[in-house]
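Student: Protein chains in written order, with the numbering used here: chain B, 275 to 664; chain P, 18 to 202.
Simulated from the structure, these hints should not be mistaken for lab results.
Possibly wrong hints are sitting among the right ones.
Computed list of lysine to aspartate or glutamate pairs in EDC-like fashion (alpha-carbon distance at most 16 Å, straight line) [what the hints assert, rightly or not]: (1) B:LYS434 <-> P:ASP155; (2) P:LYS46 <-> B:GLU484; (3) B:LYS434 <-> P:ASP131; (4) P:LYS169 <-> P:GLU54; (5) B:LYS357 <-> P:GLU70; (6) B:LYS434 <-> P:GLU183; (7) B:LYS434 <-> P:GLU54; (8) B:LYS577 <-> B:GLU475; (9) P:LYS46 <-> B:ASP326; (10) B:LYS434 <-> P:GLU70; (11) B:LYS357 <-> P:GLU95; (12) P:LYS46 <-> B:ASP306; (13) P:LYS46 <-> B:GLU651.
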Amino acid sequence: MKNKLTIIFAVIFLIGIMTTGVLADRILSNTDGIYIQDFVAGNTATANFSFDYFDIPDNEDNSPLIIKLDITSDDQINYPVWKNDFEINGYIDKCLYTILGFCVSPSTVYFNCSEIAPLTIIHSIGLETINNIPDGTFYCYNEEGDLDLNEHDDVFLTIKSHPALWPGEYNLTARFYYLNDTYPPVVIITNKYAFDKYYRELDNIEVHAEINEVNLEDYWGTIFADENITVPYSHEFAGTYYFTKILPIDIPEGDFELSIFAKDSSGLVGNDSTTLKIDRTAPEIILINPVNASIYDETIPVKLNVTDAKSGVDNSSVFYRISEIVNQTFCPSTGVIFGNYNCYNSGWIPAQLNITSGYYEDEFNATNVTSGSYYFEAEAEDILGNKGVL
Amino acid sequence: MNKKIAISIIISVLLIGIMSAGLISYFGKISTTFSIETPIFYTAPGHNLLVNEKPDNSATYTINDGESEIFETEELEETDFSYIPKANFYARAKLVYSVNDTSQNLILIFGYEDADENKHEICSSNLLIETFDFEDYDSISCTGTSKPSNIKKFYYEIKGDCNDCEYKVSTKAGDFYTKIELSSA
C-alpha cells in the first residue's frame with residue numbers, strides 16, 4: 275500500500291512539474307545583463323540590462339511591463355536585506371524596431387519602484403494589489419511602459435544604498451511580472467436614437483458601437499428574442515464598429531434587448547444594450563359611419579376611427595370601398611359579376627384625417643349609384659406597412 | 018485505505034493548482050551578483066559628516082576642556098544594521114594648551130541618532146594627543162556591542178577629556194581626512 279501511495283504521489287508531482295512548464299507564457303529573447311559594478315554602502319549605483327520581445331506565440335502585444343526586483347545578500351540568515359536598505363528607480367529606453375542597428379521610433383519611459391505594501395498596480399488592462407512585499411523586493415512599473423511586440427528594451431536602474439548595509443556579496447534578480455487582464459472591453463452603442471422607433475420583419479437594422487480595449491479579440495451583436503438572433507459585424511470606420519442585420523421574417527412582435535458584445539484576449543466580455551422594438555400589428559379600424567343597415571340618399575358620410583398603438587397610422591393609407599351586393603355576392607373591382615352582369619364597385623377611395631375630430635372622413639357621392647344593398651370595406655396601414663382591413 | 022488514497026490525491030491536485038497559479042505570474046528572469054563595501058564618513062566644514070564623499074575644503078575646530086565637536090550626516094531612510102560595526106577612526110589634531118604641557122586624550126565617538134532624535138553611542142576610543150603640532154592619527158578603532166537599529170543619522174563626535182586644556186581638530190589636510198571607516202566586526 276505504501277508503494278502504491280508513493281507511485282501515485284510521484285505521478286502527481288510529475289504532472290505538477292509538467293503543468294507549470296506548459297503554463298509559462300511570454301518569452302523575452304536576447305537578454306543581456308544585469309550589469310552592475312561593486313559599490314560602497316551609502317552610494318548610488320547603476321545597473322542595466324536589455325532584452326527583445328519578439329512576435330512569437332504566447333507573446334501578446336501591449337503586455338504590461340512590470341519588473342520585480344529582488345535583492346538578497348549571500349547570507350540572508352545573518353545579514354538579511356531589509357526595507358529602506360535600497361531605494362530604486364529607473365527608466366527604459368524603448369526601441370520599436372531597428373534598421374541596421376539604428377533604433378527607429380525610440381522613446382524613454384521613467385518608472386519608480388516601490389517596496390511598500392499594499393501596492394496597487396494600476397494598468398490599462400486591469401489592476402492588481404500586492405498585499406505582501408518581502409524585504410528586498412521592489413515592483414517597478416509605469417502604465418505607459420507596455421511591452422510591444424518586436425520591441426527592444428534597455429532598462430537602466432538607479433540603486434541608492436544605505437550606509438548601514440552589510441559589506442558582502444549580494445544578488446540582484448529581475449523578473450517580469452505578468453498582470454492579469456481584469457478590465458473587460460468598454461462598449462458604447464452610439465446610435466441608440468435609431469432604436470426609438472419600431473421595426474418589423476425584413477427591415478435592415480444597423481448598430482454603431484465604439485469599442486475600447488487594448489487586446490480586442492472578438493465582437494458581435496445579439497437580439498434576445500424568443501430565440502437569439504446574431505447581428506454580425508459588418509465593418510469598421512473611423513473608430514466605429516458597424517453591425518447590420520436584416521430582421522428575420524419570423525421575428526415575433528415585442529420589445530427585445532439588442533446587445534453588442536466585445537471580448538478581449540483574456541476572455542473578458544463587455545457589452546452595451548438598447549431595445550429593439552418590433553411592431554407586426556396592423557392598425558385597428560372602427561367604423562363610425564355609415565351605420566350598418568342604414569339607408570342613405572345622395573351622400574354617404576364616411577367616418578372611420580383608425581388607431582395604431584405602436585408605430586402609428588400612415589395617414590395616406592386609409593381607404594374605403596363600396597361594393598354592390600348582387601345575389602348575396604359582392605361586386606368585384608372589375609365591376610362585372612356572373613360573367614357579364616355589370617355591378618357597382620367604387621374602387622378604393624381615400625379617407626382624410628380630420629385633425630379636429632381625429633377621424634378619417636369623406637363624403638361619398640352616391641348620386642350615380644343605383645338603389646340597393648352595398649358592402650362597405652376599409653383598410654389602413656401603419657407606417658411600417660402592417661395592413662389592417664375592416 | 019482507498020478513502021485515504023482518494024483524499025491524498027485530491028489534496029495533491031489542489032496543491033498543483035496553487036503552484037501553477039503562482040508560477041504563471043512571472044516570466045523572463047535575469048540575475049547578477051555584486052559586492053558592497055563598507056562606507057567612509059568624512060568630516061567636513063559646517064559640522065557635516067559626508068558619506069563616501071571627500072570634502073573639497075577643510076575646517077579647523079577648537080575644543081576646550083571637555084567640550085565636543087559633533088559631525089552629523091544628513092537624515093537617512095530609517096534602517097537597521099544587520100551586522101555589528103567596527104569603527105576605524107582617523108583624526109588630525111593637536112594640543113594648543115595643556116597644563117604643564119602634558120599629553121591629553123581626545124575621545125573619539127561613533128554613534129547614530131534615531132527617529133526620535135535620541136543619540137546612541139555605537140562605540141568609542143581614546144586618542145592620546147602628545148604634540149602641539151598637527152599630527153595625522155589613524156588605526157584607532159572600536160567595536161560596537163550590538164546591531165544598531167532605527168538609524169536616521171550617523172555622527173562622529175570628538176570630545177575633549179581634560180580640565181584645563183585646548184585642542185584643535187582639522188577636517189583635512191592634503192590627502193589626510195578626519196574620518197571614520199566602517200568594517201564588520
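Student: Now tell me if each hint is right for this structure.
Tutor: Right, here's what the structure says about each hint:
Our distance criterion of 16 Å between C-alpha atoms is broken by LYS434 of chain B and ASP155 of chain P, whose separation comes to about 29 Å. Taken as a hint, the LYS46 of chain P and GLU484 of chain B pair is broken in the structure, with Cα atoms around 39 Å apart against an allowance of 16 Å. Distance restraint check for LYS434 of chain B and ASP131 of chain P: the Cα-Cα separation of roughly 20 Å exceeds the 16 Å cut-off, and the hinted pair is therefore not satisfied. Between LYS169 of chain P and GLU54 of chain P, the direct Cα distance comes to roughly 20 Å. Violation of the 16 Å bound is thereby established for this hinted pair.
Restraint check for LYS357 of chain B and GLU70 of chain P: not satisfied, since their Cα atoms lie roughly 24 Å apart, outside the 16 Å limit. Restraint check for LYS434 of chain B and GLU183 of chain P: the C-alpha separation of about 41 Å exceeds 16 Å, so the hint is violated. A threshold of 16 Å between alpha carbons decides the hint, and for LYS434 of chain B with GLU54 of chain P the separation of about 14 Å falls inside it, so the pair holds. Between LYS577 of chain B and GLU475 of chain B, the direct Cα distance comes to roughly 31 Å. Violation of the 16 Å bound is thereby established for this hinted pair.
With a C-alpha separation of about 13 Å, the suggested pairing of LYS46 of chain P with ASP326 of chain B holds against the 16 Å cut-off. As the CA atoms of LYS434 of chain B and GLU70 of chain P are separated by approximately 14 Å, the hinted pair is consistent with the 16 Å bound. Between LYS357 of chain B and GLU95 of chain P, the direct Cα distance comes to roughly 9 Å. Compliance with the 16 Å bound is thereby established for this hinted pair. A C-alpha spacing of about 11 Å is found between LYS46 of chain P and ASP306 of chain B, which places the hinted pair at or below 16 Å, so the restraint holds.
Restraint check for LYS46 of chain P and GLU651 of chain B: not satisfied, since their Cα atoms lie roughly 86 Å apart, outside the 16 Å limit.
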